[in-house]
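Sequential numbering from 1331 applies to the sequence shown in our numbering.
Derived by calculation from the structure, the hints in this document are not laboratory data.
Hints should not be assumed to be uniformly reliable.
Quick list of in silico lysine to any residue cross-link-like pairs, SDA-like style, CA-CA up to 25 Å [as the list claims (entries may be wrong)]:
id, residue 1, residue 2
1, 1371, 1486
2, 1371, 1562
3, 1371, 1384
4, 1371, 1463
5, 1371, 1390
6, 1371, 1527
7, 1371, 1360
8, 1371, 1358
9, 1371, 1490
10, 1371, 1445
11, 1371, 1449
12, 1371, 1381
13, 1371, 1382
14, 1371, 1383
Derived Cβ-Cβ restraints for the label pairs, each shown as a range [to be verified]:
id, residue 1, residue 2, range
15, 1576, 1399, 32 to 40 Å
16, 1389, 1567, 31 to 39 Å
17, 1471, 1363, 14 to 22 Å
18, 1345, 1504, 46 to 54 Å
19, 1403, 1363, 33 to 41 Å
20, 1521, 1471, 36 to 44 Å
21, 1493, 1568, 37 to 45 Å
No residue lacks a Cβ here, since even glycine has one placed at the ideal position from N, Cα and C.
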Amino acid sequence: MTASNDRGAAIEPSEVERWLLSHLDVQRVDSARGLYELMPKQRGGQLPLVDVPYDPFSEVHWAEAARIADYVAHAPEGARRVLDIGPGDGWPALPVAAARPDLEVIGVDPSPLRVEVCTANAARLGLTNARFVVGDGGRMPFPDASFDLVTAASSIEEASDPEAVLAECARVLRPGGVLRASSQDWRLAGRGFETVMVWEAGGVPLWTYVRRIADPPTERRYNLVLNGDETTAALHMDVLIESAEGRRAYAETLFETRFGVPVLERLAPHVAR
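Based on the provided sequences and hints, a complete structural model is requested.
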């Protein structure tokens, strides 16, 4: 049982959190281990300009192509090296490398799985000017003043210590270098909400509970990693079908009481870790 991205220690736990904390051994991990090491593919393997080619009829692709153009346009004159923080499956590192073959693009990600996927995607796309390394954005394995442009697309806010990442960006940028970052806007209509996900990664069944809070801005994510035996698989499928009946938000099922403790009591005997 793991929990990630908990920056709101003073916030009262929800009913589900109280149950989890009192019944299971909860281990706190960062988002790399709590999410990105479990995720087989980002966006279901449909990343524009990485997994699928540019579609001129897709508004999503227009927006993503515009962001790549923005990153490339802000590369200083004479730029040679670009650092992409938290590239996930290779975005924006790979599209930037494709747009500017004269640049060396390096992606740093704390998740070994994501680095493996990025490297495979670069090879598939025939991009020899992009490479990826495992590293913490708050303690990057690069010398001072070694990059002309740093990009970060929806990644700094995922870090355990965003301030440390920003300090590292300043350290590795050359004088006159540029940091170009974009972030997710998670402003909530209310004080917060809860969701659940029933999914699997690499054939391993998972149940995930997410609590998002508006003030202070907080996201807590709890993953139940379940056993892979047939009995657990059947139970996992039952829970998946039940959750599919609920309302959806952010590609997750909005929390209802029936999806919380009653489900946990059924799943708890089947938790692997």
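Verification of the hints:
| no. | hint | in the structure |
| --- | --- | --- |
| 1 | 1371 x 1486 | 20 Å, holds |
| 2 | 1371 x 1562 | 24 Å, holds |
| 3 | 1371 x 1384 | 18 Å, holds |
| 4 | 1371 x 1463 | 18 Å, holds |
| 5 | 1371 x 1390 | 18 Å, holds |
| 6 | 1371 x 1527 | 16 Å, holds |
| 7 | 1371 x 1360 | 18 Å, holds |
| 8 | 1371 x 1358 | 23 Å, holds |
| 9 | 1371 x 1490 | 22 Å, holds |
| 10 | 1371 x 1445 | 12 Å, holds |
| 11 | 1371 x 1449 | 13 Å, holds |
| 12 | 1371 x 1381 | 10 Å, holds |
| 13 | 1371 x 1382 | 13 Å, holds |
| 14 | 1371 x 1383 | 16 Å, holds |
| 15 | 1576 x 1399: 32 to 40 Å | 39 Å, holds |
| 16 | 1389 x 1567: 31 to 39 Å | 35 Å, holds |
| 17 | 1471 x 1363: 14 to 22 Å | 19 Å, holds |
| 18 | 1345 x 1504: 46 to 54 Å | 51 Å, holds |
| 19 | 1403 x 1363: 33 to 41 Å | 35 Å, holds |
| 20 | 1521 x 1471: 36 to 44 Å | 40 Å, holds |
| 21 | 1493 x 1568: 37 to 45 Å | 44 Å, holds |
Violation of the numbered hints given earlier is absent; every hint is satisfied by the structure.
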